[in-house]
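Here is what each chain is made of, one letter per residue.
4 protein chains.
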Amino acid sequence: MLKTGKEHLEGLRDGRVIFIGNEKVDDVTTHPAFKNAAKTVASLYDIKHQSEFRDVLSFDEGGERYSMWFLRAKNKEDLRKRTAAHKKIADMSCGLFGRSPDHVSSFVTGMSTNPSVFDSDKYKFGNNLTAYYEHMRKNDIFATYAVIPPQAARNPEFYEKQNLPIPTLRVVREDDDGVVVSGMKMLATSAVFCDEIWVGNLIPLDPNQVKEAVTFVMPCNTKGLSLWMRQPIALNAENEFDSPLTWKFDETDVLVICDEVKIPWEKVFVMDDAILAREIYIKTPAHCYGNHQSNVRFWSKMQLILGLCSKVAKSTGADQIPAVREVLGRMSAQEATISGMIYGQIEAAEEWPAGYMTCNRRMMYAALDWCTENHSALIDELRTLCGGGVFQMPGNVHVMHDENLRADFEKYFQTPQMGALDRMKLFRLAWDLVGSEFAGRQQQYEKFYAGASFIIRNHSHRETNWEHFDGIVDNFMSGYDVPEHS
Amino acid sequence: MLKTGKEHLEGLRDGRVIFIGNEKVDDVTTHPAFKNAAKTVASLYDIKHQSEFRDVLSFDEGGERYSMWFLRAKNKEDLRKRTAAHKKIADMSCGLFGRSPDHVSSFVTGMSTNPSVFDSDKYKFGNNLTAYYEHMRKNDIFATYAVIPPQAARNPEFYEKQNLPIPTLRVVREDDDGVVVSGMKMLATSAVFCDEIWVGNLIPLDPNQVKEAVTFVMPCNTKGLSLWMRQPIALNAENEFDSPLTWKFDETDVLVICDEVKIPWEKVFVMDDAILAREIYIKTPAHCYGNHQSNVRFWSKMQLILGLCSKVAKSTGADQIPAVREVLGRMSAQEATISGMIYGQIEAAEEWPAGYMTCNRRMMYAALDWCTENHSALIDELRTLCGGGVFQMPGNVHVMHDENLRADFEKYFQTPQMGALDRMKLFRLAWDLVGSEFAGRQQQYEKFYAGASFIIRNHSHRETNWEHFDGIVDNFMSGYDVPEHS
Amino acid sequence: MLKTGKEHLEGLRDGRVIFIGNEKVDDVTTHPAFKNAAKTVASLYDIKHQSEFRDVLSFDEGGERYSMWFLRAKNKEDLRKRTAAHKKIADMSCGLFGRSPDHVSSFVTGMSTNPSVFDSDKYKFGNNLTAYYEHMRKNDIFATYAVIPPQAARNPEFYEKQNLPIPTLRVVREDDDGVVVSGMKMLATSAVFCDEIWVGNLIPLDPNQVKEAVTFVMPCNTKGLSLWMRQPIALNAENEFDSPLTWKFDETDVLVICDEVKIPWEKVFVMDDAILAREIYIKTPAHCYGNHQSNVRFWSKMQLILGLCSKVAKSTGADQIPAVREVLGRMSAQEATISGMIYGQIEAAEEWPAGYMTCNRRMMYAALDWCTENHSALIDELRTLCGGGVFQMPGNVHVMHDENLRADFEKYFQTPQMGALDRMKLFRLAWDLVGSEFAGRQQQYEKFYAGASFIIRNHSHRETNWEHFDGIVDNFMSGYDVPEHS
Amino acid sequence: MLKTGKEHLEGLRDGRVIFIGNEKVDDVTTHPAFKNAAKTVASLYDIKHQSEFRDVLSFDEGGERYSMWFLRAKNKEDLRKRTAAHKKIADMSCGLFGRSPDHVSSFVTGMSTNPSVFDSDKYKFGNNLTAYYEHMRKNDIFATYAVIPPQAARNPEFYEKQNLPIPTLRVVREDDDGVVVSGMKMLATSAVFCDEIWVGNLIPLDPNQVKEAVTFVMPCNTKGLSLWMRQPIALNAENEFDSPLTWKFDETDVLVICDEVKIPWEKVFVMDDAILAREIYIKTPAHCYGNHQSNVRFWSKMQLILGLCSKVAKSTGADQIPAVREVLGRMSAQEATISGMIYGQIEAAEEWPAGYMTCNRRMMYAALDWCTENHSALIDELRTLCGGGVFQMPGNVHVMHDENLRADFEKYFQTPQMGALDRMKLFRLAWDLVGSEFAGRQQQYEKFYAGASFIIRNHSHRETNWEHFDGIVDNFMSGYDVPEHS
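Chains as they are written, first to last, in our numbering: chain A, 1 to 486; chain B, 1 to 486; chain C, 1 to 486; chain D, 1 to 486.
Simulated from the structure, these hints should not be mistaken for lab results. Be aware that one or more of the hints could be misleading.
[Stated by the list, open to error] Quick list of in silico lysine-lysine cross-link-like pairs, DSSO-like style, CA-CA up to 30 Å: (1) D/K6 <-> B/K81; (2) A/K39 <-> A/K24; (3) C/K76 <-> A/K87; (4) D/K87 <-> D/K262.
[Stated by the list, open to error] Per the computed footprint, the stretches of chain A lying under chain B, defined by three or more beta-carbons under 8 Å from a beta-carbon of chain B, are: (5) 246-258; (6) 278-292.
[Unchecked claim] Ranges between beta-carbon positions, derived for each pair: (7) D/A377 <-> B/K6: 48 to 56 Å; (8) D/P32 <-> A/Y480: 22 to 30 Å; (9) B/N404 <-> A/D206: 27 to 35 Å; (10) D/P32 <-> B/Q320: 52 to 60 Å; (11) D/K411 <-> A/G419: 33 to 41 Å; (12) D/A377 <-> C/D474: 37 to 45 Å; (13) A/N36 <-> C/A84: 45 to 53 Å; (14) A/M1 <-> D/E484: 45 to 53 Å.
Virtual Cβ for every residue (Gly too), placed ideally from N, Cα, C.
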């Protein structure tokens, strides 16, 4: 089934408990902090119903139509289809709405190619996972995840030493119907716009963190669940012209607080197993599926950055200066770097797991590392190209609503290359990517999307066949030895 | 005379014309976009009246008391006094309010040590400059400057080709009383809080830009002068706790638009001389005085950054991790780098101009280049140390005003190292330096404070005695030659 | 025809004129500065005759067997074959012998897919090019090129002003048999080991540099041609163990000096056309074919670097330190970055020129830019991992030839992870990549292989479809406008 | 007493045992690997006898004349004298001979201001230290040090586990006359040219490394002591013109191997105390004195780099290109950065230890960190400015010894800005700083001079008054609180 945007928005009015500070939010589809982003989410559902994009964004299986991110890839052509679908969704927000419906769905789809990983000695949750995959695709579910502990709570020992309550979410009780959990999980981006939240542990737990080692899914209106919104950024925007990205792309981040929340067994995927809690992402293509989406999403953003660099330079004729052309050529090479690494993941795809094909994992991590390392600098290039221009604009677009001021505005702010209003529109957009609080959140997000840099590099280290590279050196050195005594 | 804060604020209610978009601002001391920053400015005047800081911030000359930035340095001890005064003022805003009253005053004070530069064949404006210096210090004037043309208007030729009006400010008429100017100048930071605006050309003009080559000063309420405020950032702040820097340190940036503004001759310093318009800053210590202030201001900010790095790390115990300690040690070294370069400017001061002593200019430019090159990366380090913590806070501090939420907040958000509220206060402050729109403006500001990077480096190139360094190579090579034919 | 190494070496004893300083070299296959590198070249011919690599390194066409780099790619499978052949050749020298026989051959093969480019109004040289392509592949020719003017001679004007002879190669005369050229061209890497030298202009000429605008090919023993070798590095190596890369991979760089050299017309490809002289590389896939080889070659080197990083870390147990593992993970990601970009060039290949398929050009330039930007830093990582270890080795391997010293050596220099001799062998190899003069030449080479960085970025700029990226911004901004007056 | 160069060289012929591989070196003053560097050392002694530099390089105390680096600074003027002396010595080798006689002497001089640190509960070695200081300055001793364990041997545990001999130097026996030591120490730079070797532990030992915790000094010809030279670089140089730095500035690095070496008690400074073994450098100004010398030495090198950048750019007229001028301006700013930090250390000097004055320690570490972080990039800038020019030179200067070749050389290699021979001389010098093995050793040396980067940053961390910087944040935050409930 392919939901419509309207259907999705209706589903959000389900009694979910959301707080901004001490304010309880009644309806995310109408609240000023959320309503425009909610429309953005709806548009991601509606686009699938446009005939032009139907085949890009969905596929048939067993007579049913599913969103493309539920496709389990059996060959390179399937991988290309997945990539194209991610790209179309990402383009809808210029890559600025990262936790779109194709993100967590891809994790679950990846898991579904190898559900036996969920069957341990003690628990057989493989069928739960398969059932959840079927449920997701059938109902076109938008899920997010909350898979890291609160900052500072990674090591519960410190809390125990001081007799402080451990804040991180853990199982407090279990019975025949399911498990009861309490505590806090981070950082459920988009949760206010989602149907369900996947809770788990993406970062390795300490082996004795048994009670924290639970993985499950729950609807956003589950009893006992509160969503605490971080400071909403959309409230900074007075109108779309002056803050076009802030206006509609604040995907929101939410602290998930559970107070005695009951999870039925069929929605549990890992229990009491600190190692497995992490390995489900790694021993299945889940992490690769999900982060390939992130690579592609970044690519869309990179294209926006590149277009802005070009247009900002053109707005003042700077694109004719050799040094600026060099910068533009380099930025274009950056776009070709990330897209090259994405295409390369398909050309060098792996036959894994049995019967399926997965994007090249090392290249996916390389792309992830590249995005994380370079985002700040890429934005800094755009910032540099903007120069003081971002401050050389009137306080807001309402200058157009006063005849005299408008005349001055159009006279003084035009350049030989661009009219005043077009230039203001362009620089306001650029500012929303380099300088506004929205931009600030993006910079923080990209830096920590996949965790601290060592986390990504450890993934890269893990997937590397070191024998191969050591062997190159060994093989070379085997060709010569200590010379004869002369 | 040393003004009080109250006196200064009263002076701002003088009928000046300020627009935010299409809104005309009546009173900067009460308007929500300006009032808290206005109080910050007032505090910079009041501090001089505190006995504890009286000798740091002012000096006696001829029986009068003047602000320390009007001191013309005759020896290293005078330089130390100037530096200490700048530091105290900068510390009042943690270096976040750059165009404080000691900035442009320092330019003028620098000029006043060598007023003969203003006497050209055609015009003898040296006495005007001296008189203005006397006026400034006597009335404790807070002046800003607008010394660059609008972006894209640096080359008026393009406008002429297309028969477009040239937007940059220029002399349109002159008579016995003075000159009449029209057009736009950038980017008068703090102008809404100032008494007067210095208008000139800090960037080299084309030699035939004769009519643009005018330098003068005017009160902020001059007839025909409008100040167009860029988008106010302070409006994003709902309260001080959640946005402590935004709240009171938006120093504002203003586009200066003159429509037939009359400037009396005694307030004109350069006229019809494209070369001299620039050289007044370089052939006097003006540029060095003013930018030494900027070095010192950055030092204050660096100290805030360092303190935040330390406290953020401590809030989660991360300061005990060796890799984090290394980062902290490196950040401390950065603080010692900028302070070292500031102290070095005094130890290696130059005897120039005749009878005066000036901070070492090459070291001042080196510090300026260092600040410009490194600011983004310094902020990025703090951003990295913050991690996801900046998003793991409630939407606003009003969570404290609901009993239940407050209980959850205090339980879940504390760490073994820090209470929940203290931690939130710390992270909100950190966010205001790394992620808010205020932070975004700071990043843009530091990158372009002194113009594009090539401008700073050209200053450095100009002040370098290349013969000296070439001579080192020549001298070395003179010690050997082509060997004998063997 | 596939030459053998022996046949190739015999061809080098052809009377070619080579100078090292004032020494005339008689035979490059025996001279100590060249003989081991000559053997390396021979091995690149012999490997094609090993059955295991026959299909990787050669192909059949019209009943003849040709080296794979002469394959004109009609589909992705052909591109894969070319890439695999380049990789095998590059692996033979771990990417350290860049101007291998597959480099210039690839340029010519690329040209041969579109020979009409060589037909101008005045000259029809298309057939000359086709004939030369046939000649090359038939005789398995190893050609190099000399396609840049001497440093400082790019602008002959300065020489003319001072009445100095213009040093750069140019046509001095022409007659029915051909053209006569004199002057110097840079920097014919490998020329001493080659059959022929392609002379041309890779960097744009000034349109009025007509006489310099000549492109032709000549055998290395042409009358009037002298090859001036830059300082030979191989002479630094006393034995292979202590300097394993220096020993056999100094591919040499040569200044080409022509004194009235006669070139027959059938070997001339461009004449008197400053624009075309450059465009033959760009309007055909020549530049893409040739630089894809360079991408692949760098990939081989990257694999050596990665293997060395791993083995050096293991030699002291440092690979167990988390911070070192992070570095290794990052370096592995670098290897996956360059390989990803190479695979991506195939997945995103272009159907161009008509009837042929070419690697994605923007991605090829992106890879080239990436290699140029990153090589120094990649080597620096290895340098850092080596630490002081590279200096903590005996002066040379002959320590093994004294019984007492050997005993001390084996006792003191072993680590729990590695024996003394193995460790010395490893660190001597690492040093030859990070610290020896050979390493120094590699660092210079990679930085300037494709010219100064702006040259590569201009290629990238040229191949970018800016309308596409501007359109992303325009399209986004078309979705909203000035809000209604409220 | 101030030694002459001749006296110093004579002292080196003392029967010291030096190996290069399996070759035993008889006389360092005549051996081709050492003789020119030995002359460099001699020149550092002779310069003190030139009247022009007598007061720069030596001082009177108690009627005796001592080298300036033995001056214990009581005020800023003394610090200035020390700095000037270091600068003169460093200038003699353009900063390329780091372990000059003023380096270790400065450590000992620093210690001598606070000898009580050497008096522990068990041992009273303070007097030994004072006596050694007196001995050094009286005899104008050139000492080096070996203060780190062999790579991989930092943790002896791994050796013990595998029953391997621990290679690092340790006390094997003690008796009334002294202690007996065996094992290896790293990396006694200049030892072959020194009188004595200080052995100790600059890097923290594990507290239970008791037997390794010995600090002493011994003459270079001590019985049982062997000096193993790493691969000599000077042997690469055929003549001074082609390799001017290699020729005379290979200061050498030596592995110190002790086989039952007896050290008399009066030459022992620390015994059986792993903590104190490190603290003697930190609790006295030793580390600051010694590394200030290193800062100053780097400054000399920076000046050579800057001069070369300027001259290389001028040799082709590139200095007229705006982008190159920007680079030169930036490089000049780098020179002013390091010199600024050196001057700043004096202006902000510390009154410590009691009765003495020491350079600002945090600024000294900041400078050290800056040098370590930036050296590779500084060299890379020079490398970039050189471009392909370094390879566009004849194989050696003997081209001047053949009439015909010389004519061609002078014709083809001149530029309008510089003659052929001058240009070759310049580029050969530049290559010796960016590309030769000598250059490679310098790059490794600067990166590890003070140990891995975390070591320097830990010094910086240790010397930082964190309360001060935390206090800035606390003080700021104390100015506001949770707002009233509205």
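For the range 48 to 56 Å, tell me whether the beta carbons of D/A377 and B/K6 fit it or not.
Given a distance of about 52 Å, which is inside 48 to 56 Å, the answer is holds.
Check the hint pairing C/K76 with A/K87 against an upper bound of 30 Å on the C-alpha distance.
holds, 23 Å
If you check the beta carbons of D/K411 and A/G419, does the distance land in 33 to 41 Å?
violated, 58 Å
Using the C-beta atoms of B/N404 and A/D206, is the stated range 27 to 35 Å upheld?
Distance hint for B/N404, A/D206 holds at roughly 32 Å.
Can the suggested window of 52 to 60 Å be confirmed for the beta-carbon pair D/P32 and B/Q320?
Given range 52 to 60 Å: holds, Cβ gap about 53 Å.
For A/K39 and A/K24, compute the direct alpha-carbon distance and say whether it is at most 30 Å.
holds, 21 Å
Under the criterion that the straight-line Cα-Cα distance not exceed 30 Å, is the pair D/K87, D/K262 satisfied?
violated, 37 Å
Can you let me know if the beta-carbon spacing of A/N36 and C/A84 is within 45 to 53 Å?
holds, 52 Å
Quickly compare the C-alpha distance for D/K6 and B/K81 to 30 Å and report which way the hint goes.
violated, 51 Å
Between the beta carbons of D/A377 and C/D474, is the distance compatible with 37 to 45 Å?
At roughly 39 Å between Cβ atoms, C/D474 and D/A377 fall inside 37 to 45 Å, so the hint holds.
Count residues of the region 246-258 of chain A with a Cβ under 8 Å from any Cβ of chain B, then say if the count reaches three.
Check passed, 3 qualifying residues.
Distance restraint hint 22 to 30 Å, applied to the beta-carbon atoms of D/P32 and A/Y480
holds, 27 Å
In this structure, the earlier hints numbered 1, 4, 6, 11 are contradicted, and the remaining ones agree with it.
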